[in-house]
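K.L.:
Top to bottom, those sequences are chains U and G.
Take any residue in the first sequence, note its place counting from 1, add 400, and you have its number in our numbering.
Take any residue in the second sequence, note its place counting from 1, add 4, and you have its number in our numbering.
It is worth saying that the hints were derived from the structure and are not from the lab.
One or more hints might be untrue.
[To be verified] What the simulated footprint calls covered on chain G by chain U, stretch by stretch (three residues with Cβ under 8 Å from a Cβ of chain U suffice, anywhere in the stretch; the number is not a length): (1) 6 to 14; (2) 29 to 40; (3) 61 to 75; (4) 82 to 89.
Keep in mind the model is a prediction, meaning the values are calculated, not measured.
The beta carbon of each residue, even a glycine, is placed where N, CA and C say it ideally should be.
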Amino acid sequence: MPGLMGRFTLILKSKFSKALDRAENPSETLDYSYEEQRRQLQNVKRGIADVTTAKKRLELQYTSMQQQVDKLDGQARQALGAGREDLAREALTRKTAVQSQLDGIMQQGQQLEAQQQKLIEGERTLQAKVEAFRTQKEVIKAQYSAAEAQVRIGEAATGIGEQMADVGLAIERAKDKTESMQARANAIDELTTSGALEDYTSSGDDIDRQLAQISQSSDVDDQLAKMKAEIGQGEAPKELAGGEDPKP
Amino acid sequence: MIVRLLGEGQWRVDDAVAARLEELDEEVAKAVEANDEAALWQGLQTLADTVRSNGERLADDDLSPSDAIIPPEDLSLEEAHELLSGEGLIPDRERA
Numbered sequence: 401m402p403g404l405m406g407r408f409t410l411i412l413k414s415k416f417s418k419a420l421d422r423a424e425n426p427s428e429t430l431d432y433s434y435e436e437q438r439r440q441l442q443n444v445k446r447g448i449a450d451v452t453t454a455k456k457r458l459e460l461q462y463t464s465m466q467q468q469v470d471k472l473d474g475q476a477r478q479a480l481g482a483g484r485e486d487l488a489r490e491a492l493t494r495k496t497a498v499q500s501q502l503d504g505i506m507q508q509g510q511q512l513e514a515q516q517q518k519l520i521e522g523e524r525t526l527q528a529k530v531e532a533f534r535t536q537k538e539v540i541k542a543q544y545s546a547a548e549a550q551v552r553i554g555e556a557a558t559g560i561g562e563q564m565a566d567v568g569l570a571i572e573r574a575k576d577k578t579e580s581m582q583a584r585a586n587a588i589d590e591l592t593t594s595g596a597l598e599d600y601t602s603s604g605d606d607i608d609r610q611l612a613q614i615s616q617s618s619d620v621d622d623q624l625a626k627m628k629a630e631i632g633q634g635e636a637p638k639e640l641a642g643g644e645d646p647k648p
Numbered sequence: 005m006i007v008r009l010l011g012e013g014q015w016r017v018d019d020a021v022a023a024r025l026e027e028l029d030e031e032v033a034k035a036v037e038a039n040d041e042a043a044l045w046q047g048l049q050t051l052a053d054t055v056r057s058n059g060e061r062l063a064d065d066d067l068s069p070s071d072a073i074i075p076p077e078d079l080s081l082e083e084a085h086e087l088l089s090g091e092g093l094i095p096d097r098e099r100a
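All chains, please: the whole structure from these sequences, using the hints.
P.N.:
Here it is, written out as C-alpha cells:
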C-alpha cells in the first residue's frame, strides 16, 4: 500500500501532466485555466457572502427568541403575583423549552462562525495563489513561444501543471464547503422559522390568552394603584381579578 | 525533497523530515482502513504541521514540481477511500 500521500501525489501528477501534454495550444490552456480559477474564486466569495447573510438572519432569530424568553419570564412573575401558580408554571415550562432551543441554535451558530472564518482565510490564500498563477503562466507562455509550440520545456511545465491542479482542486473544495455551509445555515434558519420551534408567546391558544390577560390586568391594576396613590386615596391596592376565567 | 500542501504552498524538507512523513503517511493509511475519521484528520494535520514547522517555504511563484503532495487536512473518509481505491479525488471533467 503506497499510503495516502503517495496515492494523492500519483493521482495529482498524472492529472496535471496530462492537462498540458494534450493541450494543442498550451498558452491558451493556461489563460483559460487562469480565467476559470478567477471565475470559481468569485463563486466561493459569493458563497461566503451568502453564508454571512444567512448568519445575520440567525442572529435576528436569536434576538426574537431571547425576547420570548424574557416575555415568558415576565408573564410567569405576573401570574405568580396574581396568585395563578398554574399559569406561572406553564409560562416557566414554555420559557425553559424556548431557552433550550435558543441554546442549541446558538451553539450551531458558533460552529458555523468558526467554519466560516476558516473558509475566509482559505479564500485569501487562494486569492494569492491565483494571482501568483497569473505571473507564472506568463513566464511559461514566454518560454513556449521561445522554444516553439509543442516543445517540452521540462520542469517548469510540470510545475505550472501542478499549480493548476492544486489551485483548481483547492477552489473546488472551498466551493463545496461553502455550499454545504449555506445549506446548514439555511436549515437552522428554516428550523427557527417553521413550526419546529414554535413561537410560544404568539400562539394565541387559551393558556396564552390567559397569560396575556394576567399581564394586561396587572398592568391595569398597577396603573390604578399608582393613580390611587397620586390622588391620595389610601385604599388597599392589588385585589387582582386573576382568579376569574377571562373571556376574550 | 519538495512537498506541497494542497491549496497552501510548497516546502523544501530534508531527508530526516521526509522519512518522518513516510511514517506518518502509513499511520494515516491505517486510519483509513480502520474507518477512523478522527484519526485520519489527526494524522493529516500532523503531516501538514510537520511540513510547516520543519520545512523551508518556497515562494508562491516558484515552479518547482513537488515530490510529494499532502492531501487536505479535512479530507473525508469517503474521499480517502476513493483515493486508495484508485478512483482519485479529481474528477476527469478537469478543465481540458
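K.L.:
For every hint, state whether the structure bears it out.
P.N.:
Against the structure, the hints:
1. Under a criterion of three residues with beta carbons nearer than 8 Å to beta carbons of chain U, the stated coverage of the region 6 to 14 of chain G is upheld, 5 such residues being counted.
2. Counting residues of the region 29 to 40 of chain G whose beta carbon lies closer than 8 Å to any beta carbon of chain U gives 5, which meets the minimum of three for the stated coverage.
3. Here the region 61 to 75 of chain G counts 12 residues with a CB under 8 Å from a CB of chain U, which clears the bar of 3, and the coverage holds.
4. Chain U is given as covering the region 82 to 89 of chain G, and this holds because 3 residues of the stretch bring a CB closer than 8 Å to a CB of that chain, at least three being needed.
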